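Undergrad: If you're matching positions, the sequence shown starts at 1 in the numbering used here and goes up one per residue.
Calculated from the structure, these hints are not laboratory results.
The structure presented is a predicted model; accordingly, all values stated were derived computationally and were not measured.
Take the hints with a grain of salt, since some may be wrong.
[Said to hold, decoys possible] Below, a list of computed lysine to any residue pairs in the SDA-like style, where the Cα atoms sit at most 20 Å apart:
| no. | residue 1 | residue 2 |
| --- | --- | --- |
| 1 | K101 | I197 |
| 2 | K72 | Q132 |
| 3 | K130 | K48 |
| 4 | K116 | K48 |
| 5 | K72 | E39 |
| 6 | K116 | K101 |
| 7 | K72 | V113 |
| 8 | K208 | T196 |
| 9 | K48 | A164 |
| 10 | K116 | T176 |
| 11 | K4 | H53 |
| 12 | K116 | A164 |
| 13 | K208 | A188 |
| 14 | K48 | D5 |
[Said to hold, decoys possible] Listed next, with one range per pair, are the computed distances between beta-carbon atoms:
| no. | residue 1 | residue 2 | range |
| --- | --- | --- | --- |
| 15 | L102 | D63 | 19 to 27 Å |
| 16 | T196 | P175 | 33 to 41 Å |
| 17 | D66 | K208 | 19 to 27 Å |
| 18 | E68 | K246 | 18 to 26 Å |
| 19 | E234 | N207 | 16 to 24 Å |
| 20 | E200 | E234 | 45 to 53 Å |
| 21 | Y98 | G212 | 21 to 29 Å |
| 22 | L71 | L203 | 30 to 38 Å |
| 23 | R147 | L71 | 32 to 40 Å |
Every residue, glycine too, gets a C-beta built ideally from N, C-alpha and C.
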Amino acid sequence: MELKDKVIVITGASSGIGEATAIRLAADGAKLVLMARREERMQELAQKLMDEHQTESMVVKLDITDREAVLKAFEAVKENFGRIDALINNAGLMPVSYMDKLKIDEWDRMIDVNLKGLLYCIAGVLPVMKAQGGGHIVNISSVAGRRVNPGFAVYNATKFGVTALSEAMRMELTPTMNIKVSVIEPGAVATELTQTITDEDILNAFNKRGNGMIPLEADDIARAIQYALSQPDEVMVSEVLVMPRKQQ
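The whole structure should be built from the sequences, with the hints applied where relevant.
TA: Rendered as structure tokens:
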């Protein structure tokens, strides 16, 4: 698909993979809608995209766990652009912890953002794509959606859910509604994702990891997203796992 002038919504756009994806897609001439909670960061990104690529970005301050706000946000995007060609469901949290620490508030937050928030965004974009005769939904899962590890149980549950959801969505939406569905599964990436971890034992375990593994950069995942989006109409990239070379 030619990405020039395509309307693409990116959640979690204020940093990390979302920011890197916005920069890469702006270079392709896409029209971008940046969604996240940190409005100032998105405004700075929008100015950067304008300065470097003459991209006029729509900035939407949004907490994706607020269902009504999400639905209104997608209505506003539809009113502004008339269509939505792609959604990159990127927003997510990873405050991993060992189960016996009983960090139930963090469990709830991961479920609310990683699963329910992602679903709310799908609910916001699906009627638009169905009415216009097609589109592309890219869900960002994780290697943790394929492999379980101690300390990651709830995060694993959310990301296994995203991966399974994406497969079922493909079966429902692609043959009958021309809505492509891709799931991108990053391994270790150098982003802010680990900054929400409060379990000291988990943090100590992270610090002791060896084997010289160099984490991926956010742009490595942005390139995978770009690849999935830019395929010809009859080609769908269903699933992409992207990991550091030395990650086990």
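Undergrad: For each hint, tell me whether it holds in the structure or not.
TA: For each hint, the structure was consulted:
With a C-alpha separation of about 12 Å, the suggested pairing of K101 with I197 holds against the 20 Å cut-off. Straight-line distance between C-alpha atoms of K72 and Q132 comes to about 19 Å, which keeps the hinted pair within the 20 Å bound. Only pairs whose Cα atoms come within 20 Å are accepted, and K130 paired with K48 is rejected, the gap being roughly 33 Å. The hinted pair formed by K116 and K48 fails the criterion: a straight-line CA distance of about 31 Å is larger than 20 Å.
Taking the CA atoms of K72 and E39, the gap is near 17 Å; set against the 20 Å cutoff, the hint holds. A distance of roughly 24 Å separates the Cα atoms of K116 and K101; the hinted pair therefore is violated under the 20 Å criterion. Distance restraint check for K72 and V113: the Cα-Cα separation of roughly 18 Å lies within the 20 Å cut-off, and the hinted pair is therefore satisfied. Of the supplied pair hints, the one linking K208 and T196 holds, its CA atoms being roughly 18 Å apart against a limit of 20 Å.
Of the pairs offered as hints, the one joining K48 and A164 is violated, with about 36 Å between alpha carbons and a cut-off of 20 Å exceeded. Between K116 and T176 the alpha-carbon distance is near 25 Å, which puts this suggested pair outside the 20 Å criterion. A C-alpha spacing of about 12 Å is found between K4 and H53, which places the hinted pair at or below 20 Å, so the restraint holds. A distance of roughly 14 Å separates the Cα atoms of K116 and A164; the hinted pair therefore holds under the 20 Å criterion.
Among the hinted pairs, K208 with A188 is consistent with the structure: their alpha-carbon atoms are about 15 Å apart, no more than 20 Å. Of the supplied pair hints, the one linking K48 and D5 holds, its CA atoms being roughly 18 Å apart against a limit of 20 Å. The hinted window of 19 to 27 Å between L102 and D63 holds, with their beta carbons roughly 25 Å apart. Between T196 and P175 the beta carbons are some 38 Å apart, a value that agrees with the proposed interval 33 to 41 Å.
A hinted range of 19 to 27 Å is violated for the C-beta pair D66 and K208, which are about 38 Å apart. A hinted range of 18 to 26 Å for the beta carbons of E68 and K246 is inconsistent with their spacing of about 45 Å. Between E234 and N207 the Cβ separation comes to about 47 Å, which falls outside the hinted range of 16 to 24 Å. Restraint check, E200 to E234: a C-beta distance of roughly 51 Å satisfies the suggested window 45 to 53 Å.
Here the CB-CB span from Y98 to G212 is close to 26 Å, well matched to the stated 21 to 29 Å. Taken as a hint, the range 30 to 38 Å holds for the pair L71 and L203, whose Cβ atoms sit roughly 37 Å apart. Under the hint 32 to 40 Å, the C-beta atoms of R147 and L71, about 34 Å apart, fit the expected range.
Taken one by one, the earlier hints fail for this structure at numbers 3, 4, 6, 9, 10, 17, 18, 19, listed in ascending order.
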